[in-house]
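Sequence lines, in order, name chains A and B.
Numbered by the numbering used here, the letters in the first sequence go through residues 1 to 315 in order.
Numbered by the numbering used here, the letters in the second sequence go through residues 1 to 315 in order.
One or more hints might be untrue.
Identical copies go unnamed one by one, so any copy, or any two together, can satisfy a pair.
[Stated by the list, open to error] Below 30 Å or equal to it, Euclidean Cα-Cα: the simulated DSSO-like pairs (lysine-lysine) are:
1. K293 <-> K139
2. K294 <-> K93
3. K293 <-> K93
4. K189 <-> K19
If you're looking for bench data, these hints aren't it; they were derived computationally from the structure.
If you're wondering where the values come from, they're calculated on a predicted model, not measured in any experiment.
2 protein chains.
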Amino acid sequence: MPTLRDVYAARRHVYRYLKPTPLYRYSGLSEATGLDLYVKHENHQPVGAFKVRGGLNLAAGLSEQQRQAGLFTASTGNHGQSIAYAARAYGLKATVAVPEGANPAKVAAMRGMGAEVLFHGPDFDTARQWIAGLAQERKGTFVGPTDDPLICGVATLALEIIEELPDVDAIIVPVGAGSGVCGTAIVAKSLNPKIEVIGVQSAQAPTQQLSWSSGRNVLGPMTTFVEGVATREPFENTQAIMRKYLDDFVLIEDTDTRDSLRLLIEHTRNLPEGAAGLPLAAAMALRDRLVGKKVVIDFCGGNASMDELRSLLVN
Amino acid sequence: MPTLRDVYAARRHVYRYLKPTPLYRYSGLSEATGLDLYVKHENHQPVGAFKVRGGLNLAAGLSEQQRQAGLFTASTGNHGQSIAYAARAYGLKATVAVPEGANPAKVAAMRGMGAEVLFHGPDFDTARQWIAGLAQERKGTFVGPTDDPLICGVATLALEIIEELPDVDAIIVPVGAGSGVCGTAIVAKSLNPKIEVIGVQSAQAPTQQLSWSSGRNVLGPMTTFVEGVATREPFENTQAIMRKYLDDFVLIEDTDTRDSLRLLIEHTRNLPEGAAGLPLAAAMALRDRLVGKKVVIDFCGGNASMDELRSLLVN
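Next up, chain A with everything else stripped away, as it sits in the complex (with noise of 0.2 Å):
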């Protein structure tokens, strides 16, 4: 399990490629929630999502050899481009599978940073599958969504939190494969016991959620039109981590998400993907009990597309 001298050393590699993103309040969404509300802008990474300093610290530490056979991975969306970030960086080759009928403008944007994208079956878990088997065979690396350099480099986004407030008492993270919540998790109780770290998913996809609650593996439904939250199995290193470190899990319907967007793009003027009205809805379920509390949600992306964007403020 990662500890938080992984997360500094990550943050050496991290901080090559990256600046620390913005952690700002809007008196506006202070008000509205009626909590001492913070914002951690990852939307302002480079593309566009905390998931690229994970990317960073995976490359950084590769053998030689490793380097020649490149990088595999399969994505649709965030940990994609994270690893074609990376590999770009690092002047590595990343070969990244998606399954057919994968978004154009996700695909257009890990090509452009130079990934390879190949097409590969109907759904995600056959894409998986197969590039993992591919990688084997060409001697490459498959980068599996919460593998542990990934939960060090997106941890370094809790140093920067506590670090700039450092009296804050609550962080709250959306939670899909687990990298997030886990890298977050890590350091808060490390450095300080008393922050509390709450996850969210959605209820529409509570696979998580109901795997930590248990303590042993569920398959929730999976319904979410949340894609950053949309996990149909619960993985095992970010469960163990979750069950050694999270205060609370929470499930939030994806009716009161699309309101907690509305919210966020209305006070802070950015544009959040799905997985970033989480924390907001989360914090106003929670807030009886944060009430008085300087309470931070992570802002984790602005990657929504325009139909997206445009089904959020029609509908």
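Starting from the known structure of chain A, fit chain B onto it as the hints suggest.
Structure of chain B alone, referenced to chain A:
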């Protein structure tokens, strides 16, 4: 007329509260325009716009007596927020006059930063004249939109561009009152006269462009939807700087600005205010001349309202 050394002096004050903003290259946007295009993200600033740099420099230079009496200004937009932010940072009182019927969200944002907002008169000019009188009466400092300390403060954005991208060929900046383009021109032309500095205004509000190109004060029509460049009268001091330094000053039809705004949202996943669309539209209009060059467009701010965003995405 401010010089490069004034800008270096301003930098100390600006960075006491702010961090440099990112300069990102989006491959999709470069492909869409056929240019080697970089985006300077002033929308990532705390008040969502470049102007905050100017307010902080102005507040830092006040005498003890001026600090006591506070700042007075008129604005319904980013200028007012900048002054409110700077006043809060320095523990001063800010009084901002707005016309009756001013946008409630912007009024709330200024009040949220502790400014006193006073409604006066049917339009901006009435509010401005009234608050200038009130400032005099109370021996306070009236802050106009193009005061030299504001120009020197916002000019730090150009230092950041050139230090990060030393081989930049052209920088395109929207022109409202002119502080942004003048600050950029002073820095760029002092450091490297070969850097082209290009201003851009709406063809539906061409007063500054007509005054610049004719060399005398011209009052053009004013029917643009783009609040940030809706200038009714030319400004003496920014006209003088623009005449000395500006390479080109183009006009863009509002319909083209709207197309550019959509393109910016799609490729950068950032929310632009109207004025942020003009530099991209100008880059496309000047494409034949700029092809193969490193071009920076100033994403000056993100303070679009929900209604503006909705109308942009739906129509």
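Structure-based check of each hint:
In this homomeric assembly, K293 and K139 never come within 30 Å of each other (Cα to Cα): the closest approach is 50 Å inside a single copy and 40 Å across copies. Taking identical chains as interchangeable, the C-alpha atoms of K294 and K93 lie at most 30 Å apart only when they sit on different chains, with a minimum of 26 Å there against 43 Å within one chain. Taking the closest pair of Cα atoms, K293 and K93 come within 30 Å of each other only across two copies (27 Å); inside a single copy the shortest separation is 46 Å, beyond that limit. With identical chains, the CA atoms of K189 and K19 are at most 30 Å apart both within one copy (24 Å) and between copies (28 Å).
In this structure, only the earlier hint numbered 1 is contradicted, and the remaining ones agree with it.
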